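**Student:** Given these sequences and hints, build the entire structure.
Listed below are the residues making up each chain.
Protein chains: 2
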Amino acid sequence: MKMSSKMERCGLSPMRKFNPLANEALSRGIKIYHMNIGQPDVETPAPFYQALRDFADPVVSYAPAPGVPVLLDAVRDYYRGIGVELERSDILPTNGGSEALQMVFATILDDGDEVVIPEPFYPNYHTSVTLAGAKIRPVPTFVEEGYFYADRERVEACINEHTRALFVTNPGNPTGAVLTPEQLRLMLDIAKEHDLFPICDEVYREFVYAGEPLLSGLQFEGYEDNVVVIDSVSKRFSACGARVGVVISKNKAFMAQVMKWVQCRLASPTVEQIASAALYHMDPSYFDAVRDEYRLRRDTCVRKLAEIPGCVCSTPKGAFYVMCALPIDDADKFQTWMLREFDDNGETMMFAPGEPFYGTPGRGRNEIRLAYTINAPDIERAIDILKAAVEAYNKR
Amino acid sequence: MKMSSKMERCGLSPMRKFNPLANEALSRGIKIYHMNIGQPDVETPAPFYQALRDFADPVVSYAPAPGVPVLLDAVRDYYRGIGVELERSDILPTNGGSEALQMVFATILDDGDEVVIPEPFYPNYHTSVTLAGAKIRPVPTFVEEGYFYADRERVEACINEHTRALFVTNPGNPTGAVLTPEQLRLMLDIAKEHDLFPICDEVYREFVYAGEPLLSGLQFEGYEDNVVVIDSVSKRFSACGARVGVVISKNKAFMAQVMKWVQCRLASPTVEQIASAALYHMDPSYFDAVRDEYRLRRDTCVRKLAEIPGCVCSTPKGAFYVMCALPIDDADKFQTWMLREFDDNGETMMFAPGEPFYGTPGRGRNEIRLAYTINAPDIERAIDILKAAVEAYNKR
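Chains A and B, in that order, give the protein sequences. Quick note: the first sequence uses our numbering, first residue 20, plus one each step. Quick note: the second sequence uses our numbering, first residue 20, plus one each step.
A portion of the hints provided could be inaccurate.
Put simply, identical chains are the same to the list, so a pair is met inside one copy or across any two.
Claimed, not checked - In silico BS3-like cross-links for lysine-lysine, where the CA-CA straight-line distance does not exceed 27 angstroms:
(1) K323 - K414
(2) K21 - K36
(3) K271 - K323
(4) K21 - K154
(5) K406 - K50
(6) K154 - K406
If you are wondering where the hints come from, they were derived from the structure by calculation, not from laboratory data. Computed from a predicted structure; not experimentally measured.
**Tutor:** Right, dumping it as structure tokens:
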């Protein structure tokens, strides 16, 4: 039976595709350190659980398609805290940031259209863009330059008559690159001048380690018709399993089109929306402790990677990933081997292979993405295992 | 800014698009009887709430992309109860039956492809099919024939070289039509002979009122490579707000492609999956009381509609909707007028206008769909209001 050619052009998630091999390794008694997936180990704040316990409607009924008011208002309060005034109708709750991506791309892209995205990028962008019939035009960046891309000439070289959007992940996944306010304004300017949507994926907004406040695309005046922000409770509040995100835009025509997708899938989960609203009311001091912990982990990660001969990485400024190049032929083969044939005292580790993070064919094959979402001692051990594995792999 | 031409071909949900007008009416103090939306008033079973209270993982982490094992096993147990043996990997949990539709259509449809669906059909099929780049080829049915469509000649007349799937909603929404086992087998035979996926939307499976057990497409042998079933806890357990559905298929190649969508949006909500698992363990006797209540409502609905001169309907055999034709020019205008200008002692009512349920241009304009998901006395009152409104509307 014939399948969709668009779906056939998509791949499995590099974060999840090795799970069957991991399960086999586990069944052989191997312990696995997971640095492949951005699943924080930070405890989800108590108000989430309290909201689950307090839910007492006799019927678990559909939420309103445009979202549960208590969540909309919690999101407004959060944005008011960074100086952004939103109407309820500027916000649409989604099934996680992932569905926000799907609905935004489905809303603006036609067959043959293009989205300009700096590479390396989060691989699921590729799936969402491809299923909308369009393709990604990558802006190449390089580890040696700290994954820098906010340059007019580089970005405009990727814009053509098919371009519909300029995608900015800030802080970046997988690079940890963070735009200065001036750099972000440049990206918004380029988008506006070319009549594009600047789509700002800001799910890692609270995770910046140099002390400076990170600006949102919504904080700049004069771009209201263009800016689309994707946000989520997943990483910010360590509530990935809640699957609650939002699309935010002040462009009414855009939001009217998004509403068709929203109504087509009726609503996001009722209880999860209510429980997520409670998260948005966490005191900002909550982030201080979380940020300190991630900074420690980042520093641990970078220090340990430097112990692997031939490993090249750039210290991430934000989010909780580090991308690095290893002295290996192919990270996909290397991961398979690490799960099937390798162990260090009964232990191995997982990363996300780098190639799916690139849009340019051939790039990233010897690169990996590590998520520093496990504690610092575990990171030390995991990277020691990685070092031993690189040596053993190259001696085969 | 240009939007997707595919999205522009989609419409808002006829069940939800009048909500802004309804809010205006409410703010004028008007009471509204809601027969526009299939939101059951039946209490959600207690085990769902117990599971919410019991959830105590310190982190609300991502569920496995292929689903939480306790839910997969609960679904297997439920299907074992109707004689269908499933592997865990035959089942993929979704964000409601709606996302199941999106992912199935995105998996099998290319631009220019067609899906054969008897009309009238659930309007959100149109959105999901259109966003996948394809279109619906409707099999016309008629109220006077009880919306009969299980006829080889009629169905085959709609199949051509672009056809990829034969869609069967059983019991039907909005018609309440129910296929006999022989009729369902005929549909499966036609699909298999033409190398199509028979997609069986069976979310209303437990709601059949003549006492006969309703067969699932999964209960027929020899169609394992073809059959795709869409199911959901929403209606069955009155848990619409949980947004938990499943795609079920024994076709491994199909499920491998669906997995790309699944991994792209990471997972369905963790807590909702666990709580929904508890629902699947309800004793089958639970449905007896629910079914008796809906049968009473159906009978009330049909009896009251017969009191409206010129109203034509067919007694639904299943689900909880009735489609009927009214002696009016345009149900969309009529609903707008009922919300803006009409009231009967300070009360009005809502239905879903019929036109978006049809794929054939011009059909359904004077038809409406009523959901009998409110109690019998309220149904009596709502249809009295409808009758008064038809008279007043035609006298304007």
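**Student:** How do K21 and K36 come out at 27 angstroms by Cα distance, when the copy is not named: within, between, both, or neither?
**Tutor:** Cα proximity of K21 and K36: one copy only (23 angstroms, versus 35 angstroms across).
**Student:** Pop the pair K21 and K154 into one bin, within, between, both or neither, using alpha-carbon distances up to 27 angstroms.
**Tutor:** both (22 angstroms within a copy, 16 angstroms between copies)
**Student:** Which holds for K406 with K50 at a C-alpha limit of 27 angstroms: within a copy, between copies, both or neither?
**Tutor:** within (17 angstroms within a copy, 69 angstroms between copies)
**Student:** Check K323 against K414 for me: Cα-Cα at most 27 angstroms, and say if that holds within a copy, between copies, both or neither.
**Tutor:** For K323 and K414, the Cα distance is within 27 angstroms only inside one copy (21 angstroms; across copies 82 angstroms).
**Student:** Within a copy, between copies, both or neither: which one fits K271 and K323 at a CA-CA cutoff of 27 angstroms?
**Tutor:** neither (48 angstroms within a copy, 42 angstroms between copies)
**Student:** As a check of your reading, is K154 near K406 (CA-CA no more than 27 angstroms) within one copy, between copies, both or neither?
**Tutor:** neither (36 angstroms within a copy, 53 angstroms between copies)
Figure legend: structure checked against the earlier numbered hints; hints not met, in rising order: 3, 6.
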